[in-house]
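Since chain G is already given, all that's left is putting chain B on it; use the hints.
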Amino acid sequence: MREPGALPELQPGPPEAGQAGGRPAPSAIRSEAPPRRAPADGRTPNARAWWLVAPVVALVAFNAIVPLMTVVNYSVQETFGDNVFFFEGMKWFREVLGSSRFHQALQRQLLFTGIILLIEVPLGVAIALAMPRRGFWASVCLVLMAMPLLIPWNVVGAMWNLLALPDIGLLGRTLNGMGFDYNYTRQPLAAWATMVGMDVWHWTSLVVLLAYAGLSAIPEAYYQAARIDGASSWAVFRHIQLPKMKRVLLIAVLLRFMDSFMIYTEPVVLTGGGPGNATTLLSIDLVKIALGQFDLGPGAAMSLVYFLIILLLSWIYYTVMTRDGGQ
Amino acid sequence: MARIRLEQLRHTYRAKPAGDDDWALKRLDLAWEQGTASALLGPSGCGKTTLLNLISGLLRPTEGVVRFGERDVTALPPDARNIAQVFQFPVVYDTMTVYDNLAFPLRNRRVAPAEVDRRVREVAELLDLGPTLRHRAAGLTADGKQKISLGRGLVRSDVAAILFDEPLTVVDPHLKWRLRSKLKELHQKLGTTMIYVTHDQTEALTFADQVVVMDQGTVVQAGTPVELFERPRHTFVGHFIGSPGMNVLPATVEGTTVRFLGHPIELRPAPARPPPAGARLELGVRPEFVRLAADGIPVRIVRVSETGRHRIVEARHEDTPIKLLVGEGDPVPAEQAFLRFDPAHTQLYVDGWSAT
Chain G
1 MREPGALPEL QPGPPEAGQA GGRPAPSAIR SEAPPRRAPA DGRTPNARAW WLVAPVVALV
61 AFNAIVPLMT VVNYSVQETF GDNVFFFEGM KWFREVLGSS RFHQALQRQL LFTGIILLIE
121 VPLGVAIALA MPRRGFWASV CLVLMAMPLL IPWNVVGAMW NLLALPDIGL LGRTLNGMGF
181 DYNYTRQPLA AWATMVGMDV WHWTSLVVLL AYAGLSAIPE AYYQAARIDG ASSWAVFRHI
241 QLPKMKRVLL IAVLLRFMDS FMIYTEPVVL TGGGPGNATT LLSIDLVKIA LGQFDLGPGA
301 AMSLVYFLII LLLSWIYYTV MTRDGGQ
Chain B
328 MARIRLEQLR HTYRAKPAGD DDWALKRLDL AWEQGTASAL LGPSGCGKTT LLNLISGLLR
388 PTEGVVRFGE RDVTALPPDA RNIAQVFQFP VVYDTMTVYD NLAFPLRNRR VAPAEVDRRV
448 REVAELLDLG PTLRHRAAGL TADGKQKISL GRGLVRSDVA AILFDEPLTV VDPHLKWRLR
508 SKLKELHQKL GTTMIYVTHD QTEALTFADQ VVVMDQGTVV QAGTPVELFE RPRHTFVGHF
568 IGSPGMNVLP ATVEGTTVRF LGHPIELRPA PARPPPAGAR LELGVRPEFV RLAADGIPVR
628 IVRVSETGRH RIVEARHEDT PIKLLVGEGD PVPAEQAFLR FDPAHTQLYV DGWSAT
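Chains G and B, in that order, give the protein sequences. Mapping to our numbering: the first sequence position 71 is 71, numbers consecutive. Mapping to our numbering: the second sequence position 310 is 637, numbers consecutive.
Isolated chain G (complex conformation) (with noise of 0.2 Å):
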């Protein structure tokens, strides 16, 4: 509905000029409705289409701001059961991001999101660059690069443990025949590279996947005119398929990075955190906390801690890489 202000030919002058042309004057008629300025295309902006917005903001109500708040609410008292509560203030973060506890599982996480990033990216790239265009194992290619992004996380996890066991594993049994001293249960070093291999194993398939979809967007002649300034493949690859790919491989380290640095379920079904806190990254420690001593209010003050961290490290690559996207 138009309010009769904005009407468009609300056009406040000397009613003659109204009377003059044969029509009333509205100004004359209306004058006590402020005049209010309508946009130049004469549309008139309504308060009410906010009320279409309503059902959106609820749901993200329930879903986010709800059950986040509820981690808030812990995160600021102390328990001792009985749903009794008491105000305790900033005490649980300060102690969280004082304990010794916390910054190494935050060192293990950053190492751990570190190698897989360093690993996976250049390797689903070559990947990706040596994969065939199109045709028949093009297509073959591709449903074997997505058969490990369709196997559940805890089922990846026992087949790692298994295939890892030193004594009946395939792996480790080849790898003990061989003559290496490998037991992932006891030794942090073996465990870590069992998890770090775990992971590249089961994710970089995203990465090909989405460098290979980068890499189809190529317009044929890109490669023609190389062909034609006489460009080496290190050349063609350097100024015309990684620029092409720049924004897939950004999504891509992007995905990675959270993925990973959210990581619980496979290495908690692999290796249980251990030996000893060895592999226990954030997550696991998370529940560690919230779950095995059942401490409420640090375990919601790390939750938070935790997820800022994420959202802080996301932010500062996505600005940092995007700045000059632009141009």
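No lab work stands behind these hints: they were computed from the structure. Misleading hints may appear alongside valid ones.
[What the hints assert, rightly or not] No more than 20 Å apart at the CA atoms, straight line, and that leaves these computed lysine to any residue pairs for SDA-like: (1) Lys-509(B) to Thr-468(B); (2) Lys-509(B) to Arg-446(B); (3) Lys-244(G) to Thr-468(B); (4) Lys-343(B) to Phe-136(G); (5) Lys-244(G) to Lys-516(B); (6) Lys-244(G) to Gly-466(B); (7) Lys-246(G) to Thr-424(B); (8) Lys-650(B) to Glu-615(B); (9) Lys-244(G) to Thr-424(B); (10) Lys-244(G) to Lys-343(B); (11) Lys-244(G) to Leu-619(B); (12) Lys-244(G) to Met-321(G); (13) Lys-516(B) to Met-423(B); (14) Lys-509(B) to Thr-533(B); (15) Lys-516(B) to Gln-415(B); (16) Lys-246(G) to Val-236(G); (17) Lys-288(G) to Ser-260(G); (18) Lys-353(B) to Thr-363(B); (19) Lys-650(B) to Gly-569(B); (20) Lys-244(G) to Arg-463(B); (21) Lys-246(G) to Lys-509(B); (22) Lys-246(G) to Thr-422(B); (23) Lys-246(G) to Leu-117(G); (24) Lys-246(G) to Arg-463(B); (25) Lys-288(G) to His-103(G); (26) Lys-244(G) to Thr-422(B); (27) Lys-244(G) to Gln-415(B); (28) Lys-516(B) to Pro-500(B); (29) Lys-246(G) to Gly-466(B); (30) Lys-650(B) to Ser-632(B); (31) Lys-246(G) to Gly-372(B).
Using the frame of chain G, we list chain B on its own:
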């Protein structure tokens, strides 16, 4: 390099070509003299891009030989041939500046930096790219990018031919004429052989001294724009070139008399020999060479449309449509009229091919 010659050339994209239709390019012999501005004209899928890629070496012909001068270059890769190619979609190396884009082919060939700099500045001058040399190439407009593609070809001192594959497709209409006249100007200044692929007759006829018309993988006619207009060798050329296209009318021949639905039509010169029995016979006459007369073929005027310089008159004899051009201001009868064809520009076509 003197001239580009294609000998007994044939190409297919199939591993085992069976019929004639499997050949993207049917057997042909063609030559371009040094310094010609030439066009390959034809509808989409007629094989003109295939032909271009065979010349540049992006494709290797299934059969036949490509010669630059006397040298057989059939087996040489594109970077070993002294040609440049500009594609339909502008190719620039996005991450580089305009300067680095132009320098790229020379650096790939390990030319000394001082020489690279000299050549790049020279070509930038030629293409009016001087002020943008330090800009990122990705930020340029489509015509600017096409100039860079062209420039990457021109920087090479040895380049003897430039191939264009519909280079104006993605260029804004108001910039098209600018780039096109730039190409003309370059051709006059440098004398480089230029071969220009297009499906747009205006582009082809304004750019080229020699036009090769192609259809379904064969060369239908090669000649100057005037020849193509006045003496189309095939009804396809008559249709494809000219706006509106040539009138193609059913014909019969008795002895040396050619008739259109019973009306005798005078041809000069007359057909050399009687056409074989059972052949499809047609008369071709361009609307420019049909005129209103006091007697001749009786027609009904159906529609008159204005084009500015002249009027296109659509007439019908019985059910056969005939178009003609009438000068601005000349009278057009309202309904009934008589038409005459110019004997020097009316041709008999036997199975599509000119018999006069």
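Hint check:
no., hint, result
1, Lys-509(B) to Thr-468(B), "16 Å, holds"
2, Lys-509(B) to Arg-446(B), "19 Å, holds"
3, Lys-244(G) to Thr-468(B), "19 Å, holds"
4, Lys-343(B) to Phe-136(G), "18 Å, holds"
5, Lys-244(G) to Lys-516(B), "36 Å, violated"
6, Lys-244(G) to Gly-466(B), "15 Å, holds"
7, Lys-246(G) to Thr-424(B), "18 Å, holds"
8, Lys-650(B) to Glu-615(B), "9 Å, holds"
9, Lys-244(G) to Thr-424(B), "16 Å, holds"
10, Lys-244(G) to Lys-343(B), "36 Å, violated"
11, Lys-244(G) to Leu-619(B), "62 Å, violated"
12, Lys-244(G) to Met-321(G), "15 Å, holds"
13, Lys-516(B) to Met-423(B), "29 Å, violated"
14, Lys-509(B) to Thr-533(B), "13 Å, holds"
15, Lys-516(B) to Gln-415(B), "24 Å, violated"
16, Lys-246(G) to Val-236(G), "14 Å, holds"
17, Lys-288(G) to Ser-260(G), "19 Å, holds"
18, Lys-353(B) to Thr-363(B), "24 Å, violated"
19, Lys-650(B) to Gly-569(B), "12 Å, holds"
20, Lys-244(G) to Arg-463(B), "15 Å, holds"
21, Lys-246(G) to Lys-509(B), "35 Å, violated"
22, Lys-246(G) to Thr-422(B), "11 Å, holds"
23, Lys-246(G) to Leu-117(G), "16 Å, holds"
24, Lys-246(G) to Arg-463(B), "17 Å, holds"
25, Lys-288(G) to His-103(G), "15 Å, holds"
26, Lys-244(G) to Thr-422(B), "10 Å, holds"
27, Lys-244(G) to Gln-415(B), "19 Å, holds"
28, Lys-516(B) to Pro-500(B), "25 Å, violated"
29, Lys-246(G) to Gly-466(B), "17 Å, holds"
30, Lys-650(B) to Ser-632(B), "11 Å, holds"
31, Lys-246(G) to Gly-372(B), "34 Å, violated"
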